[in-house]
Amino acid sequence: MSTINAEERQAIRDSFHRLLAETGREADVRRAMATDSGFDPVLWRAIADMGILGLLIPADFGGIGAGAEEIELVMEEAGAALLCGPLMSSGVLAASLLSYSSDEHAKARLLPAIGSGERIATVAITGDRGLWTPTDVSVTAVRDGDGWRLDGVASFVTAGTQADTLLVIAKAGSGLATFEVDRGAAGVAVTALKSFDRGQRFARIVFASASGAPIEGANEAAIEKMLDLARVALAGEQAGATRHVFDMTVEYIKTRVQFGRPIGGFQAIKHMAADLLIEVESATSAARHAARALAEGMPDTEVLVSLAAFVCADAFSQIAATSIQMHGGIGFTAEHPAHLYLRRARADAQLFGNSSLYRERYLSALEKAA
Amino acid sequence: MTDEELRLEASEWLARNWDARARKSKYDPDGGLKGWLKQTFDARWSVLRWPEEWYGRGLPDEQAKIVEQEFARVGATGTGLDRSHLAANTLLTFGQDALKRELLPKFLTGQYTNCLLYSEPGAGSDLAALRARADRDGDRWLINGQKVWTSGAATADYGLLIARTDWDAPKHKGISFFFIPMKQKGIEVRPLHQITGDSHFSEVFLDNAVVPAGNLLGKENDGWKVLQTALAYERLVMGEGAGERRQGSSIDNKISLIAMAREAGCIDDPCIRQDIARALAYRQLNALNLQRAKAEMAQGTSSPIMSLGKLAMSRILHEDARVMTTILGASSVLDGAEHPRAADVNYRAFNAYMTSIGGGTDQIQRNIIGERVLGLPREVELNRDLPFRESLAVPKS
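Protein chains in written order, with the working numbering: chain F, 908 to 1277; chain H, -7 to 389.
One or more of the hints may lead you astray.
Said to hold, decoys possible - Output of the computed footprint for chain F on chain H, the stretches with three or more beta carbons under 8 Å from beta carbons of chain F:
(1) 151 to 157
(2) 199 to 211
(3) 280 to 293
(4) 369 to 382
Stated by the list, open to error - Restraint-style ranges between C-beta atoms, simulated for each label pair:
(5) H/53 <-> F/1205: 50 to 56 Å
(6) H/369 <-> F/1232: 58 to 64 Å
(7) H/328 <-> F/1228: 41 to 47 Å
Because the hints were derived from the structure by calculation, they are not lab data. Where a beta carbon is used, it is the ideal one built from N, C-alpha and C, also for glycine.
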């Protein structure tokens, strides 16, 4: 449980905002996207120095020991700035899965370096179908003497080409378990997947008798907790991006003049903006309420996290898409940032499960509660 | 008077006069609302923020709230009318002294009720295009025209009326605001039948109806300004009440959509499940938005969310009805007491327009959100500065 109060939370957010306003501007984002690595190592270092990568890491392992509410707010800023790099993979997925495990050795060995940004880690979760459900795990682990051998495929691995350390979720016996695998190890073949969102680096990874070190206690329950946190973090990213794209669009329709007046004066445009404002506010409300429910372990956590998952994904997709239409010709040019957000929105809408899946999960949770 | 003295005075007075268990006055054998309102009025609890000269105590807002808390604590009504009574507030601000002396006590004690004579068949969203006319005739005004969407017209004692007094001025500048006595032979009230079968509203026909000159509020031709104040009170009252009702209703509907689908045997249909989830989400999001807005306002930040509520609610109600219709399927063609589910769903589908049209259509709401919240340029209004009689709103023979 996080001991950070609302003021401290806001201070973390503000300093992250300032950092991104200085060194994470559109030109910086485009530059990072064009590099092989896909992120700016200087900015990565600055993010680490600010403690952002250690937010979810317990203080015993060099982190800040924060929780869902803090990461949600930080991700709002990351989403608004279209941040590129393995923050979600290393700072959320890997950091939380390790923290939720009971493996004190692995924690001591991995978490401090993840928090300082020196080690980049990710979690390989899903198979080729990209469902992010337990049934879609396509890596199998079997005992081999003292160790374990992994076979199978993990796909859509986020930061898959950026990470040094892979935490691979695999079927082991009757359940799921997590294994630490070095990206360069024998029997690990990483193929970069060209991503429509130029700021993400997905990979497909084939394991052929690869050796893996089990992370004790990173079992189904821990994986599910990690995924809940990831859903809230992603919802925050989407909510922040949604608001940013909306503000950018409103600014444009106030200044773009056609037929002798700003186009925002035309009802055809004005009414689109009014409708979108409902989505913007709903996304923020959904993401923040989900974060609080998760942080406080409230009974309706599953309802609120599922709600945030599809509401924020749909809002971001809808606003990013509509923004291009509202910008008209300029929005169809590659030099305008609108398409960068639509690319991110389309990728984010698939991560950790799609909206239909979460609507179903939301309704099931409500039925259970009723 | 200190806060504590005031709290004490209120609580002691309530203890003497209000039966908290039975929720009625200790002294009124009928236990009626009017008797209680008379008691609170005589003891000067009704309109605490108003000046002493006008039945109030001239209290600052913080002190008035202390008294209101004491009343709320024992479940007593009869205070806070300086915030909630639309007609009385408008009258206090704009009325002539003699009229205030005559009518304020009657409104505040519930002896008189009132209705709103604003909309006309030709002036709905564009209220300033109204054509009801008021012509000066000695010490009185004669009113001719038609009003519509008036609730409570048949029983009201007074109507808050806007009518045109200058046809050569631009549309907003030739309107005056009156308190018209409703019980007179120049006024005919006909119930309006809604598409749902309900009759919540009336049409009001004014045929040489008479308004005494002293019943003009504000200056002649300055009625648009008076109306803005009256509308602001109305929105304040609606906004405060609406939030609570919306939150309260979210749970009922959650149960009913799921229960309906179970009863209809289609709860396992994946398409219907997606539909239900979407509809329930709209409702829950509205509640979460209001919750966040209240928290933000408590911290002193203004929130655009309050302006979104009505538009959001309209989507919720139409979407609920749509999903319920899908759940019922073919049964939704039925109606009547033997088919209560179908009758209910069909009623909801039609009644949803009450929210998406009444009190400003969704389209007008979108204009308001665009202009007042997002700061987009105002609609260009043709004829705005033209003498009204030359505008398109006036049919040319």
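For the pair residue 53 of chain H and residue 1205 of chain F, does the Cβ-Cβ distance stay inside 50 to 56 Å?
-> Violated, since residue 53 of chain H and residue 1205 of chain F (Cβ atoms, about 35 Å apart) do not stay within the stated range.
Are there at least three residues in the region 369 to 382 of chain H whose beta carbon sits under 8 Å from a beta carbon of chain F?
-> Check passed, 4 qualifying residues.
Is the gap between the beta carbons of residue 369 of chain H and residue 1232 of chain F within 58 to 64 Å?
-> 20 Å, violated
8 Å C-beta criterion, at least three residues: is the region 151 to 157 of chain H covered by chain F = Violated: only 0 residues of the region 151 to 157 of chain H have a Cβ under 8 Å from chain F.
Okay, the region 280 to 293 of chain H and chain F, do three or more residues pass the C-beta test at under 8 Å?
-> Holds: 4 residues of the region 280 to 293 of chain H have a Cβ under 8 Å from chain F.
Given coverage of the region 199 to 211 of chain H by chain F, tested with a Cβ cutoff of 8 Å and a minimum of 3 residues | Violated: only 0 residues of the region 199 to 211 of chain H have a Cβ under 8 Å from chain F.
Residue 1228 of chain F and residue 328 of chain H - C-beta distance against the hinted 41 to 47 Å = 45 Å, holds
When each numbered hint is compared with the structure, violations occur for hints 1, 2, 5 and 6.
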